[in-house]
Amino acid sequence: MAVIETKNLTYTYPGASKPSILDVSIKVEKGEFVLITGPSGCGKTTLCRTFNGLVPHFYQGELKGEISVAGIDTLKHHTYEMAKHVGLVFQNPENQLFALSVEKDVAFGLENMGFPREEMRKKVDWALNLTGIYDLRERSPHEISGGQQQRVAIASVLAMEPEIIVLDEPTSFLDPLSAEKIFEVIYDLNKKQGITVILVEHRLDLTAKYTNHLIVMEQGQVRFEGKPREILSSEETRLIGVGIPKATLLYEMLKKDGLNLSDIIPLSSEELADQLLEALKPID
Amino acid sequence: MIEAIDVHFSYPNRVEALKGVSITIKDGEFVAIMGQNGAGKSTLVKHFNGLLKPSLGKVRADGVETTKTSVAALSRNVGFVFQNPDHQLFSETVEDEIAFALKNFGFAADVIESRVTWALNLLSLTQYRKTSPFLLSGGERKRVALASVLAWDPKTLILDEPTIGQDHEQKEILRQFILQMQTQGKTVVIVTHDVEFVAESNSRVILMKEGKIVADGVGKDILTDPALLELASIVLPQIAQIFTKLSPLGFPKNIIDIYEAKEIILKAWESRTQK
Chain A
56 MAVIETKNLT YTYPGASKPS ILDVSIKVEK GEFVLITGPS GCGKTTLCRT
106 FNGLVPHFYQ GELKGEISVA GIDTLKHHTY EMAKHVGLVF QNPENQLFAL
156 SVEKDVAFGL ENMGFPREEM RKKVDWALNL TGIYDLRERS PHEISGGQQQ
206 RVAIASVLAM EPEIIVLDEP TSFLDPLSAE KIFEVIYDLN KKQGITVILV
256 EHRLDLTAKY TNHLIVMEQG QVRFEGKPRE ILSSEETRLI GVGIPKATLL
306 YEMLKKDGLN LSDIIPLSSE ELADQLLEAL KPID
Chain B
20 MIEAIDVHFS YPNRVEALKG VSITIKDGEF VAIMGQNGAG KSTLVKHFNG
70 LLKPSLGKVR ADGVETTKTS VAALSRNVGF VFQNPDHQLF SETVEDEIAF
120 ALKNFGFAAD VIESRVTWAL NLLSLTQYRK TSPFLLSGGE RKRVALASVL
170 AWDPKTLILD EPTIGQDHEQ KEILRQFILQ MQTQGKTVVI VTHDVEFVAE
220 SNSRVILMKE GKIVADGVGK DILTDPALLE LASIVLPQIA QIFTKLSPLG
270 FPKNIIDIYE AKEIILKAWE SRTQK
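Chains A and B are the protein sequences, given in the same order.
In this text, residue positions in the first sequence follow our numbering: the first is 56, and each later residue adds one.
In this text, residue positions in the second sequence follow our numbering: the first is 20, and each later residue adds one.
Just so you know, the hints here were simulated from the structure itself, not pulled from any lab data.
Ideal placement from N, C-alpha and C gives every residue a C-beta, glycine not left out.
Treat the hints with care, since some could be wrong.
Claimed, not checked - Here are the simulated lysine-lysine pairs, BS3-like style, with alpha carbons at most 25 Å apart:
no.	chain 1	residue 1	chain 2	residue 2
1	A	K264	B	K264
2	A	K264	B	K272
3	B	K72	A	K236
4	A	K177	A	K159
5	B	K286	A	K336
6	B	K38	A	K336
7	A	K310	B	K272
8	A	K311	B	K286
9	B	K264	A	K236
10	B	K281	A	K311
11	B	K38	B	K72
12	A	K311	B	K264
13	A	K336	B	K264
14	A	K264	B	K281
15	B	K149	A	K73
16	B	K228	B	K77
As the list claims (entries may be wrong) - Residues from chain A shown here face chain B by an in silico Cβ test under 10 Å; the list is partial:
no.	residue
17	G70
18	C97
19	Q146
20	M168
21	H197
22	I199
23	E224
24	E235
25	V240
26	R258
27	G296
28	L304
29	K336
30	P337
Hey, can you work out the whole structure from these sequences and the hints?
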């Protein structure tokens, strides 16, 4: 069952001279982990904003085409109605945080949905622990670092346990090890609880391994959609400025020079190292 | 030249963010400061243009102690681009944003015009010249913030997380530009988590942890030392990860460059096929 479906979606911000997304038709199945990438300014963020109705309800402007998220037409329903189905983690955490304490920020959505106090406590603690910020719960979100703020933004969305989580470069301020841990947490929720994940990322080195469904955008349009191994090994993808994982690039350089590696295109260093160990193992 | 001598710094009501940092950055160096969130990286570089003054110790920029001059005077020579562009941008158009500091520094109108055009072009922003910075994407706003500082051509450039939100191509442009600055004898200091960007840049790498410097050296040595990287919460660059796993074949571990990696693997393959 498709949880997100758009048909010929085109949107122009108020006062802009051309559309930010143009004729976008995509389909996301329930439980998928979708990765969206593409050059800076290609419309990734705008597309994410359509998933919970921020575009067009908050940003105004002109939206054409069809969109259905969790079975709901976002054009006919408000953003707050979408909130229990779709959690959106913004690119800049400061745009999302406003409460006096980290804990209150994480509890905010649950309060609005009217959860009993006990249950709310449990969900908040669960999300704080999962994102590694339990110790920060009484601090003000505005006196912590950018990376910590990103964890708070992620925790506030996870606490609501939405069916769909949309994350727009959610770990850009985090150090790589912390970023990796957060991606693992999200991947785990996707695998174990079947939460649909839409992740916007430039750093495919870190994230390509989590997905089977990659969308590459350029100038507001979907340029490539499908299996990451195929898309990331195509010359055209490289030409539009997508950062191909180093392992994939090295694999191709070696293959070109005649090294007989397997036909499975590696997306991570582990995958390539395994192939190389096999290809180069000592001859007895 | 920037010199920090046993710098300590505490934020009001908070733990000590810098616990005795000493470092010398020479003219023409390209330095990447890396480390965990909260390690004190941003706090340290904010001392370089006098935005913060040490609680103890000294910071000198070109021989002038930062406590004995103003941020305004220092910033002519030391340009600073913040991590979050929204802390920096305020003008109504991209063009005005870039021209702002140039006007403040008293450049002539024709110089301002040509510097603005140059910076817009360098950072692929020409099409947004008359656009409000707030209508741009996160990655584009970051480039506007960078353009506004590059425009006045400071001698030293400090960039806090310059690659956030930038695609592969923009990162490459940034890297080329930094190399070009180096050839002009200018100093570039970046604070970054982007281990791949640093691995490709051949810069000096400084690792920080809990307000102190824990390592200082060349990328090839530091970025391939798993124990050091763990201290700083950084993962090995992809190429180093591959070579760590290939060590049973007798390969060196300290490889971060993709072309060097290719040569080593091909050589091993040839000697294997000759057997």
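Okay, the hints, checked on the actual structure:
1. A:K264 <-> B:K264: holds (18 Å)
2. A:K264 <-> B:K272: Holds, at about 24 Å.
3. B:K72 <-> A:K236: Violated - the C-alpha atoms of A:K236 and B:K72 are around 35 Å apart, more than 25 Å.
4. A:K177 <-> A:K159: Holds, because 13 Å separates the two Cα atoms, which is no more than 25 Å.
5. B:K286 <-> A:K336: holds (14 Å)
6. B:K38 <-> A:K336: violated (49 Å)
7. A:K310 <-> B:K272: Distance of about 22 Å is within 25 Å: holds.
8. A:K311 <-> B:K286: holds (15 Å)
9. B:K264 <-> A:K236: Cα-Cα ~21 Å, so holds.
10. B:K281 <-> A:K311: holds (11 Å)
11. B:K38 <-> B:K72: With Cα atoms ~14 Å apart, B:K38 and B:K72 stay inside 25 Å; holds.
12. A:K311 <-> B:K264: OK: A:K311 and B:K264 at ~22 Å, within 25 Å.
13. A:K336 <-> B:K264: holds (13 Å)
14. A:K264 <-> B:K281: holds (22 Å)
15. B:K149 <-> A:K73: holds (14 Å)
16. B:K228 <-> B:K77: holds (20 Å)
17. G70: holds (7 Å)
18. C97: OK, holds: A:C97 within 10 Å of chain B, min 8 Å.
19. Q146: holds (5 Å)
20. M168: violated (29 Å)
21. H197: violated (12 Å)
22. I199: Status holds, d = 9 Å.
23. E224: holds (6 Å)
24. E235: holds (6 Å)
25. V240: violated (16 Å)
26. R258: holds (8 Å)
27. G296: holds (3 Å)
28. L304: holds (6 Å)
29. K336: Status holds, d = 8 Å.
30. P337: holds (8 Å)
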